[in-house]
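Colleague: Sequence:
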Amino acid sequence: MSKFTSLIYSLLIMVLLIGCASNNSDPLENEELNQQTDTEEKANETALDYDGDGGFLWKVVNGETTMYLLGSIHVGHEDFFPLAPEIEEAFESSDVVLPEINMFEAEVKEEEINEMALFDDNTTLDEVLSEESYAKLSDIFEAHGMTVENFKQYQPWFVESLLSEFVAEESDLSSEYGVDLYFLQRSLEDNKEIIDLETIEMQYEVLSGFSMETQVQVLEYYLETYEEQADWLNQLGYNWVHGNSNRESFVNQLSDRFESVNEEYQQELNDTRNIHMANKLDEILQDESGHTYFAIVGSAHAVIDPSVPSELEEKGYEIERVY
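Just so you know, the sequence shown maps onto residues -24 to -1, 1 to 299 in mature numbering (1 follows the signal peptide of the UniProt record, and there is no 0).
Calculated from the structure, these hints are not laboratory results. Glycine included, C-beta positions come from ideal geometry on N, C-alpha and C. There could be a bad hint or two in this list.
As the list claims (entries may be wrong) - Listed next, the in silico DSBU-like pairs over lysine-lysine satisfying Cα-Cα at most 30 Å (straight line):
| # | residue 1 | residue 2 |
| --- | --- | --- |
| 1 | 112 | 128 |
| 2 | 168 | 291 |
| 3 | 168 | 112 |
| 4 | 35 | 256 |
| 5 | 168 | 35 |
| 6 | 112 | 291 |
| 7 | 35 | 85 |
| 8 | 256 | 85 |
| 9 | 85 | 128 |
| 10 | 256 | 168 |
Claimed, not checked - Taking CB as the label site, the calculated pair distances span:
| # | residue 1 | residue 2 | range |
| --- | --- | --- | --- |
| 11 | 252 | 298 | 19 to 29 Å |
| 12 | 170 | 238 | 48 to 58 Å |
| 13 | 166 | 82 | 28 to 38 Å |
| 14 | 114 | 204 | 40 to 50 Å |
Let's have the full structure, built from the sequences with the hints guiding it.
Modeller: Shown next as structure tokens:
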């Protein structure tokens, strides 16, 4: 997987939630969780068991058209697979796959990301972050063979995307085993049609569109809890792969993350996008093509209201929980 694709996946990890080089190289070329149940507490005493069946699957039918909706996760572990028979069979039965983004055809240029990521005035990162946060950021970059000075012109949302990649590298999980990527690769092998629900530009616009106050709040929270983030991500993966029997823990973990920031964060990162994706799925269902579709969205979009399933219910569809 290329560094650029890896960076895109680190941004997808941010969207779900809420490589190192020398200090003189171009930055674009470099790159509290409370336990919810006794089951989680026991899991944390030893290495987490990622051998599970996977999270959440729904089914909606309109005439001769069938659509499955999988609540996915953008990172994963090799022990995730294969997933539950219900999920695997739903994919096998599909003609068309509907990911948030087809990462194999994402065509955003690095210059475009650079333009969105840079401050559009003479502001620098040390001017918007607290002295304590900036010092912590400097230490983290230094630990990864980089210097914060190379990133002073970049907005907080972009810097957080780099930190999220560091965290993913330190965790048990990897974007190479992301559930969406798992199904996209198989879609290509099986010559299934792939239709994006969003564009990579739309997701960048969400991240770069946050107010500076929200960007700073999110980045400073991430820095404050940085040492906990790899464990948080590991727990997220564990809760997802065991989500069918432990749904509450997964939902609570995601909800706590959204509640740690402000209303704008959840509204733009989750709610607004859910409505857009539900509208897109509605259009596909109304087309009555007779195809079987397999839609893959980040689980936050499937379990935190207004979720994609709840929005489809509002439109009059009967939603069946398959798994």
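Colleague: Does residue 112 pair with residue 291 here, judged by a C-alpha cut-off of 30 Å?
Modeller: violated (47 Å)
Colleague: Run the distance test for residue 168 versus residue 291: straight-line Cα separation, threshold 30 Å.
Modeller: holds (28 Å)
Colleague: Does the structure keep residue 168 and residue 35 at a Cα separation of 30 Å or less?
Modeller: Holds, at about 19 Å.
Colleague: At the C-beta level, are residue 170 and residue 238 separated by a distance inside 48 to 58 Å?
Modeller: violated (35 Å)
Colleague: Going straight from one Cα to the other, do residue 35 and residue 85 come out at no more than 30 Å?
Modeller: violated (36 Å)
Colleague: Mind checking the alpha carbons of residue 256 and residue 85 for me, to see if they're no more than 30 Å apart?
Modeller: holds (25 Å)
Colleague: I want to verify a distance hint. Is the separation of the beta carbons of residue 166 and residue 82 within 28 to 38 Å?
Modeller: violated (20 Å)
Colleague: Are the Cα positions of residue 35 and residue 256 separated by 30 Å at most?
Modeller: holds (16 Å)
Colleague: Quick check on a hinted range of 19 to 29 Å for residue 252 and residue 298, using CB atoms only.
Modeller: holds (24 Å)
Colleague: Is 40 to 50 Å right for how far apart the beta carbons of residue 114 and residue 204 are?
Modeller: violated (19 Å)
Colleague: Given the hint that residue 256 pairs with residue 168, test it: the Cα-Cα distance must not exceed 30 Å.
Modeller: The hint holds at about 19 Å.
Colleague: Does the alpha-carbon distance linking residue 168 and residue 112 stay inside the 30 Å limit?
Modeller: violated (46 Å)
Of the numbered hints given earlier, the model fails hints 3, 6, 7, 12, 13 and 14; all others are met.
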